[in-house]
Amino acid sequence: MSSPAILGLPSPRDEAWRWSDLSALPALAEASPTGGVIDTSGFWLNLGGPRLLFVDGRLDAGLSDPGPITCGATGVASAHALARLATGDGWALRLGADHAAAGPVEIVHVATGGASHLPALIELADDAQASVVETFVGDGWANRLLSIRLGRSARLMRSARLLQASGFVSLRDEAELAEGASLIATVLGAGGQGTRIDAAVTLAAPGAFAEYGGALLARDDQRHDAAVAVRHAAPNGTSRQLWRAVADDRAAASIAARVEVARDAQKTDGEQSLRGLLLRRTATINLKPELEIFADDVKCAHGATVGELDARALFYLESRGLPPAQAKALLTRAFVADALGRIGEEAVREAFAADAEAWLEATL
Amino acid sequence: MTDVRNREALDAAEKASTYEWGFNSDIEQEFAPKGLNEDIVRFISAKKNEPQWMLDWRLKAYRLWLTMESPDWAKLNVPPIDYQDAYYYAAPKVKPMLDSLDEVDPEILRVYEKLGIPIEEQKVLAGVEGSRKVAVDAVFDSVSVATTFRAELERAGVIFRSISEAVKEYPDLVRKWLGKVVPIQDNYFAALNAAVFSDGTFVYIPEGVRCPMELSTYFRINAANTGQFERTLIVADKGAYVSYLEGCTAPMRDENQLHAAVVELVAMDDAEIKYSTVQNWYPGNAEGLGGIYNFVTKRALCSGRNSKVSWTQVETGSAITWKYPSCVLAGENSVGEFYSVAVTNNRQQADTGTKMIHLGKGSRSTIVSKGISAGRSDNTYRGLVRVGPSAENVRNHTQCDSLLLGAECGAHTVPYIEVRNPSAQIEHEATTSKISDDQLFYAMQRGLNAEDAVALIVNGFAKEVLQQLPMEFAVEAQKLLGISLEGSVG
Numbered sequence: 001m002s003s004p005a006i007l008g009l010p011s012p013r014d015e016a017w018r019w020s021d022l023s024a025l026p027a028l029a030e031a032s033p034t035g036g037v038i039d040t041s042g043f044w045l046n047l048g049g050p051r052l053l054f055v056d057g058r059l060d061a062g063l064s065d066p067g068p069i070t071c072g073a074t075g076v077a078s079a080h081a082l083a084r085l086a087t088g089d090g091w092a093l094r095l096g097a098d099h100a101a102a103g104p105v106e107i108v109h110v111a112t113g114g115a116s117h118l119p120a121l122i123e124l125a126d127d128a129q130a131s132v133v134e135t136f137v138g139d140g141w142a143n144r145l146l147s148i149r150l151g152r153s154a155r156l157m158r159s160a161r162l163l164q165a166s167g168f169v170s171l172r173d174e175a176e177l178a179e180g181a182s183l184i185a186t187v188l189g190a191g192g193q194g195t196r197i198d199a200a201v202t203l204a205a206p207g208a209f210a211e212y213g214g215a216l217l218a219r220d221d222q223r224h225d226a227a228v229a230v231r232h233a234a235p236n237g238t239s240r241q242l243w244r245a246v247a248d249d250r251a252a253a254s255i256a257a258r259v260e261v262a263r264d265a266q267k268t269d270g271e272q273s274l275r276g277l278l279l280r281r282t283a284t285i286n287l288k289p290e291l292e293i294f295a296d297d298v299k300c301a302h303g304a305t306v307g308e309l310d311a312r313a314l315f316y317l318e319s320r321g322l323p324p325a326q327a328k329a330l331l332t333r334a335f336v337a338d339a340l341g342r343i344g345e346e347a348v349r350e351a352f353a354a355d356a357e358a359w360l361e362a363t364l
Numbered sequence: 001m002t003d004v005r006n007r008e009a010l011d012a013a014e015k016a017s018t019y020e021w022g023f024n025s026d027i028e029q030e031f032a033p034k035g036l037n038e039d040i041v042r043f044i045s046a047k048k049n050e051p052q053w054m055l056d057w058r059l060k061a062y063r064l065w066l067t068m069e070s071p072d073w074a075k076l077n078v079p080p081i082d083y084q085d086a087y088y089y090a091a092p093k094v095k096p097m098l099d100s101l102d103e104v105d106p107e108i109l110r111v112y113e114k115l116g117i118p119i120e121e122q123k124v125l126a127g128v129e130g131s132r133k134v135a136v137d138a139v140f141d142s143v144s145v146a147t148t149f150r151a152e153l154e155r156a157g158v159i160f161r162s163i164s165e166a167v168k169e170y171p172d173l174v175r176k177w178l179g180k181v182v183p184i185q186d187n188y189f190a191a192l193n194a195a196v197f198s199d200g201t202f203v204y205i206p207e208g209v210r211c212p213m214e215l216s217t218y219f220r221i222n223a224a225n226t227g228q229f230e231r232t233l234i235v236a237d238k239g240a241y242v243s244y245l246e247g248c249t250a251p252m253r254d255e256n257q258l259h260a261a262v263v264e265l266v267a268m269d270d271a272e273i274k275y276s277t278v279q280n281w282y283p284g285n286a287e288g289l290g291g292i293y294n295f296v297t298k299r300a301l302c303s304g305r306n307s308k309v310s311w312t313q314v315e316t317g318s319a320i321t322w323k324y325p326s327c328v329l330a331g332e333n334s335v336g337e338f339y340s341v342a343v344t345n346n347r348q349q350a351d352t353g354t355k356m357i358h359l360g361k362g363s364r365s366t367i368v369s370k371g372i373s374a375g376r377s378d379n380t381y382r383g384l385v386r387v388g389p390s391a392e393n394v395r396n397h398t399q400c401d402s403l404l405l406g407a408e409c410g411a412h413t414v415p416y417i418e419v420r421n422p423s424a425q426i427e428h429e430a431t432t433s434k435i436s437d438d439q440l441f442y443a444m445q446r447g448l449n450a451e452d453a454v455a456l457i458v459n460g461f462a463k464e465v466l467q468q469l470p471m472e473f474a475v476e477a478q479k480l481l482g483i484s485l486e487g488s489v490g
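Keeping their order, the protein sequence lines are chains A and B. Last residue of the first sequence: 364 in this note's numbering, with the numbers rising by one and none dropped. Last residue of the second sequence: 490 in this note's numbering, with the numbers rising by one and none dropped.
Calculated directly from the structure, the hints in this document are not laboratory data. A portion of the hints provided could be inaccurate.
[Claimed, not checked] 25 Å max Cα-Cα, derived SDA-like pairs, lysine to any residue:
1. 267(A) to 306(B)
2. 75(B) to 240(A)
3. 361(B) to 431(B)
4. 434(B) to 269(A)
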């Protein structure tokens, strides 16, 4: 018996969940996984680093090569409405000072129905460096909590692609960055599932850098929903939030991005760019670029636009001989590519671009 | 900040710690018993000799209000309000409906004189012929004490009345539109207002008439422990035009007073309404003691083709401001505009912005919001631009700029954009900045002192909005900006 009340799910009456549709979750929470074998070979990027396969939230040790990653209790917990369910065993990547993982870490989450809640921890000591790529496939509710702690000048590149055929993926990232640390996070939502991406990134010491963004591609009756808050708690921090949303059919893509600048966080440089592209008249784009500023010597700007493809750009391409459909596809691809360009490893970036491309081809 | 500038700022803050309009006049007044219950609602309705339908409407609103909760989504820290600890009706004892202005209590006239309403308006209030014409409806606490230029407006067919008179004289017209744009269930404060509103202004501009003069209402809270709940309804029929100004002040008191107004505008085919507000309620002292809680619901319905509503507001007063003048753009090619300057200083809190609801094809909206925060205040822009699925070719441009003066204040921007039609073009831009040392140095090097330099730069920052104001108001607003910010920057 799981109703929203029992699960304690927020409703659209809660300001932070105004555009979310969590109505599918109670049923998914009740259902049990069907098990079965899913061929995951196509989802590995074969980057030569450690790899983990989670099936319905449980580690498949046979197909995993954890390297420095430990699996078990993580000690991670959150008060977040969905992520608080992610207790129990998970995975943890802890790297000592000046260490780097041997190649990018690849994690594939396969869901076979039902719900799985998984906590995770990435803890990088001073000057350590890591790159983590997560892929979500299958069907069901994958609920994830990731706690990120970056030491002085540590660098983390995190990318996640949500490619489930159906169901729901909810991500909650909670990151804290020490002096000069850098976090670059990119999320691509290009599957058939509903999505809620939540992040709270705190630049806790001077000179930190955070980038959190991605592309949400929604069609049919999907709801993709991102709510990211970047908090500048110390001076001289830089943050970028670059999001692109495309909505087709009756789908809705929503992005609420917030920059908070604390009292003493002078010389903050915060930038937000949120853009939405509507492909059909029944689709919806919701944007909320929010600024909360308590320091006076800061540079914070945001831009937000919603519309369809620029008619002049389309005309230009057609005048150069491109058929209308191709011209449209080209411009849409460029629109989405903006948001994926920050992924560092070429192979990962290309894989993400290919997923976006596949989505566009199926849609346009 | 350099030490010298700091010192100047402190000196100036000292100097500016008084609110010019904070006097309180001793006028014989009549109050309803303190507190709020159905009897008070009946009392107010009876005082106004209202027809039964008005009373029923009020009671319905009151009962609804009892079931509602005060909204808490704004970035405001609102102390609990004791709705039983206030008077909901206060009126000067002299009979308010007068044939000639000479009969107005001289004490009230002195109040308006002291308020420094632009000189033309004072002359008008005092009945001097030949001055520039601005028709004024003066609302003193709960009742309208004077409405000027009635005869001349009537010749043009314009109805300009206090709303309690209009209920009696034009019941059909009032009944048709009252509560249509802001229904009683709209929000907590709108329901409260519908239950206890005591007066306000009613304007009707008939088809094809361009209102021959600016219309204006001046609101004044005078009595202690009173809430002011006024209701304004403006209907512009086909092809009509009206420009309406609204000003407000209150005495300095240590307790907080509640002001919950509702303004409804209706613009039919080709009609245009220009609504300008200079809001200067008492903001409380430097420590945040006292001041007006300003919870206002303002909404315009652009129901006709090519109709246009333009909101301009200069918000410098109130301890707490909660106000979102909005446009429902239902008519084809209708236009909504929102120009706002909101200044907060000391401990003031403002959460203000607009909603543009695009339902009509080809509707357009422009939003220009300038927020200036100083002292230890918080200033939030909160706006919504929504495009309905059948609204083709909608255009919106939003520009939100924030200026922070000092390191103790906050500036926030919370824009919502909800689009359901691909042909829409929605743009939103926002910046946050402070007055740079270079700008200040340049202005001071040309001979201005620090205060004047800041006032000059701030006026430049707010220019886009100020130039939307009618001339009489623009001058007042410019001065007000300077005064509100005195001592806030060094």
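Going down the list of hints, with the structure as the test:
1. 267(A) to 306(B): violated (46 Å)
2. 75(B) to 240(A): holds (24 Å)
3. 361(B) to 431(B): violated (30 Å)
4. 434(B) to 269(A): Measuring from Cα to Cα gives roughly 14 Å; hence the hint holds.
Violated hints, listed in ascending order, are 1, 3; each of the other numbered hints is respected by the structure.
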